[in-house]
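Both chains are given apart, each in its own frame, so use the hints to dock them into the complex.
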Amino acid sequence: MKQVMNGDFAASYGAMSALVKYVAAYPITPQTLVVEKLSELVADGEMDAVFSKVESEHSAMAACIGAEAAGIRTFTATSSQGLLLMCEVLHWAARGRLPIVLANVNRAVAPGWSIWADAQDSISQRDTGWMQVYAEDNQEVYDSIIMAYKIAESPDVLLPMMINLDAFFLSHTSEVVDLIDKKDIEKFLPPYEPKFKLNPSEPHAFNALTSPDHYFELTYKMHLAMEKAKKRITEVGVEFEKMFGRRYGLTESYRIEDADTVLVTFGTIAGTAKETVDLLRKEGKKVGNLKIRVFRPFPQEEVCEALKNAKKVIVVDRDYSYGFEGAFFTEVKSALYNKGVMKPLYGMMAGIGGRDVSTGTLKEIVAKAEGEDPKNPYFIGVKL
Amino acid sequence: MTDDKKVELNKVSDYPEMPVSLGSMLWNKTSSWRNFKPVIDGTKCIGCGICWKFCPEPAIFPTNPPTVDYDFCKGCGICISECPTKAISKVDETR
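Chains as they are written, first to last, in this note's numbering: chain A, 11 to 394; chain B, 18 to 112.
No lab work stands behind these hints: they were computed from the structure.
Some clues are possibly wrong.
Claimed, not checked - Listed next, the in silico DSS-like pairs over lysine-lysine satisfying Cα-Cα at most 27 Å (straight line): (1) A:Lys240 / A:Lys349; (2) A:Lys322 / A:Lys385; (3) B:Lys54 / A:Lys207; (4) A:Lys240 / A:Lys318; (5) A:Lys205 / B:Lys70; (6) A:Lys343 / A:Lys378; (7) A:Lys353 / A:Lys385; (8) A:Lys343 / A:Lys238; (9) A:Lys207 / B:Lys70; (10) B:Lys28 / A:Lys241; (11) A:Lys193 / A:Lys252; (12) A:Lys205 / A:Lys238; (13) A:Lys378 / A:Lys292; (14) A:Lys31 / A:Lys12; (15) A:Lys231 / B:Lys28; (16) A:Lys207 / A:Lys160; (17) A:Lys321 / A:Lys343; (18) A:Lys238 / B:Lys28; (19) A:Lys296 / A:Lys231; (20) A:Lys292 / A:Lys252; (21) A:Lys192 / A:Lys292; (22) B:Lys70 / A:Lys240; (23) A:Lys295 / A:Lys321; (24) B:Lys28 / A:Lys207.
Chain B extracted, bound-state conformation (with noise of 0.2 Å):
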């Protein structure tokens, strides 16, 4: 989900003046701490957004319906258990 645009750090001179938008986020991809993805039906969906209010990372975006950004879902599985219609399947990715 996130652009691979990549921040130049290269010399002193290139940082900002405080330690703002270092793009730490755009390389450290957090999926790979995943053992399942959560997968939602949007069938089954209603819109009311507590998986969006609940997921901690933040890492699922208020779409209709949701969409989950999975590059940066740590698999917690939180969604899974709020969403009040079941429409949130667990998928294993276990390597």
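With the rest of the complex left out, here is chain A (with noise of 0.2 Å):
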């Protein structure tokens, strides 16, 4: 069923859909209308879940890990600095191998005091263990949170999953939704059913003591799972798609068959990519658009092999690993660089701090990277 929405209705209808269960959260611009919207559709009785009101963002996620730990599919969502007090706990949730979906507003960190877009908050939790999404549109919200679960839940993944939008692009703009029937879902989506769970009549240790003897294979079974869900990821994707008509892969290229010079985007800096290239496309330019969907487990063989032809790569980070460089950059390079794929690439930060980021501005990015070596990193629009 199609409906007008902004991304933050999306989310909520994607943990509705997903059948969740339990949902523990905590208001935060621009996030406030998922947890008004699921409070909403529990309280007229439209989801079957229990809503719990929390004091903070880090009560929201153990809370979640409470109720996850006791069987139940959980959601939260959360932005910027609430995902930052999440911090501790998101290590709970992953370590202790907890199946959770929480949908992140991306939000710029203060000070100064931002609410726009930015990545900043979900790239500094990238080593918490949660397996990371960033969506394009509103659409893939929803489709997101719903595969999601599929792919967290897999007995040989067992990972959280965070779903990013950008703050106001998705938020708070509506666009065309289409929602699938619960009868759908119900074949999509089987039950979750962990090994391990909270109960009296069948008492277990969970996430005990561990010694220098243990922790170390259990750092190395993550590493495995995480790879594992690269294959999960691709194989939900292709399932959904085979019943719901809509592809989600690890990355997704546009037009990079004979680029010359590829640009590496995410989240809605994606889209806008997509026109820029058509735009100089129109004018005799050899350009294409690789999208980065899913940060980790990070694609490296799938970007490798979109980028292998490229005579030039571009990274566009709306996000700053302070005396560095972008992340996705970083990333990017690495993964080349391991399969011994050497090329010119530059990284350019741009549309920091919600900034935007226009086919003008992606436009004045490509000529840089055509003009000149790479002298990374760009900070793309600074006043100088």
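As structure tokens, then:
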């Protein structure tokens, strides 16, 4: 059923469609609408779930961990400072191997106080052991949440997944979203049945003291799970397309087959990049776009395959790892090096703190890369 | 009090899917933290269960009279302090 809705509501309906049974969340701009809609859906009896009002994001994730450990499918949503407050418990969820799904509205980190789009929040949680997806539009937000449960709950994955959507560009922008019927969801998404759960009649010690004899193996098992997750994300994407007609993979290539210059983008910038590619193609420039949809596990094989014929690669980051460069740029460079693919790479930071990245900005970025050898990192649009 | 059955984790495939019941508390006995141990006098015990409720470990079992799990009792003395009939005494174990 098609409805017009903003990205926050798409996240709420994604959780409802995925038959989530427990939500604990704390509101924060620009994620507030996710929480309001979920609260309304539960109160109106449309969504068969328990909704917990909590006093902080740390508590929200802690409550979700408790419910998920009891064998219940859970969901939460946050943004920026809220995600940062969750940091400790994000690690608990991941190392505890609890397939919780979280929608994070990408918002800049303070100070200066900002509510606008920027991926610094989720990038700073890169190493918590969560899988990370960056959505380009509201339909992708909705679909990604449904797929997330199927991927995360796979017995050979069991890792939590974070679905990221850009503040305002998605969270408060209305688009048509095709919602899936419950009977079709039930065919696609089996019920969550964990092997271990908190159960008084079958007691287990969860997340207990772990000696140096065992901790490393648990870390290695998470590495294996992340590798399996890459395969699972692809398989679930194929299955999703068969049932619902929309295709999602680890990456998405746009006009890269014969491209000399390839833009590597994520989130809403990927949409603008595709439009820029069309505009530059009309000018006779062979440009393409590679959207990185899944950031963790990082799809290095797909990225290398997609970029192997490019003469120049430009990575656009709406985030910055202080003291070095944009995080996506680092990952792309590392993936290419791992596979022995060497070519000129440009690390361009743009759109930081919600500054608009238009087709004009991306054209300027392409022109810069075409005109010089790499002088990384670049800060596009900074008023020097 | 624990049964000493060993959890065999010799290779990655021996580990459960989640960090659950890895057996760490079977080997990590905390009794050595203790300088004195609580000893319950069954003749003074009225079976109120207060020691069982207050034990933070929990290392007291609600038997009648209660029994102390000396593998895990850390000797905090809360049970001694809370017992309403002074049925629990403090026995020095200093080595």
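*asked:* Hint check: A:Lys378 vs A:Lys292, CA-CA at most 27 Å. Holds or violated?
replied: holds, 19 Å
*Take the C-alpha atoms of A:Lys240 and A:Lys349, compute the straight-line distance between them, and say whether it is at most 27 Å.*
holds, 17 Å
_Does A:Lys385 sit within 27 Å of A:Lys353, going by the straight-line distance between their CA atoms?_
Roughly 14 Å separates the two Cα atoms, so the pair holds.
*Restraint check for A:Lys240 with A:Lys318, where alpha carbons must lie at most 27 Å apart*: Distance of about 20 Å is within 27 Å: holds.
*Below or equal to 27 Å on CA atoms is what counts here, so check A:Lys31 against A:Lys12.*
With Cα atoms ~24 Å apart, A:Lys31 and A:Lys12 stay inside 27 Å; holds.
*Regarding the pair A:Lys296 and A:Lys231, is the alpha-carbon distance no greater than 27 Å?*
Roughly 43 Å between the alpha carbons, so the hint for A:Lys296 and A:Lys231 is violated.
_Check whether the Cα positions of A:Lys193 and A:Lys252 lie no farther apart than 27 Å._
Roughly 16 Å between the alpha carbons, so the hint for A:Lys193 and A:Lys252 holds.
*asked:* Next pair to validate is A:Lys292 with A:Lys252; report whether the Cα-Cα distance is within 27 Å.
replied: Measuring from Cα to Cα gives roughly 34 Å; hence the hint is violated.
*Compare the distance between the alpha carbons of A:Lys205 and A:Lys238 with 27 Å, and conclude whether the hinted pair is satisfied.*
Holds - the C-alpha atoms of A:Lys238 and A:Lys205 are around 18 Å apart, at most 27 Å.
*Does A:Lys295 pair with A:Lys321 here, judged by a C-alpha cut-off of 27 Å?*
holds, 13 Å
_Holds or violated: B:Lys28 and A:Lys207, Cα atoms, limit 27 Å._
holds, 24 Å
*Does the structure keep B:Lys28 and A:Lys241 at a Cα separation of 27 Å or less?*
Satisfied, since the Cα-Cα distance of roughly 24 Å is no more than 27 Å.
The structure is inconsistent with the numbered hints 3, 5, 19, 20, 21 and 22, although it conforms to all the rest.
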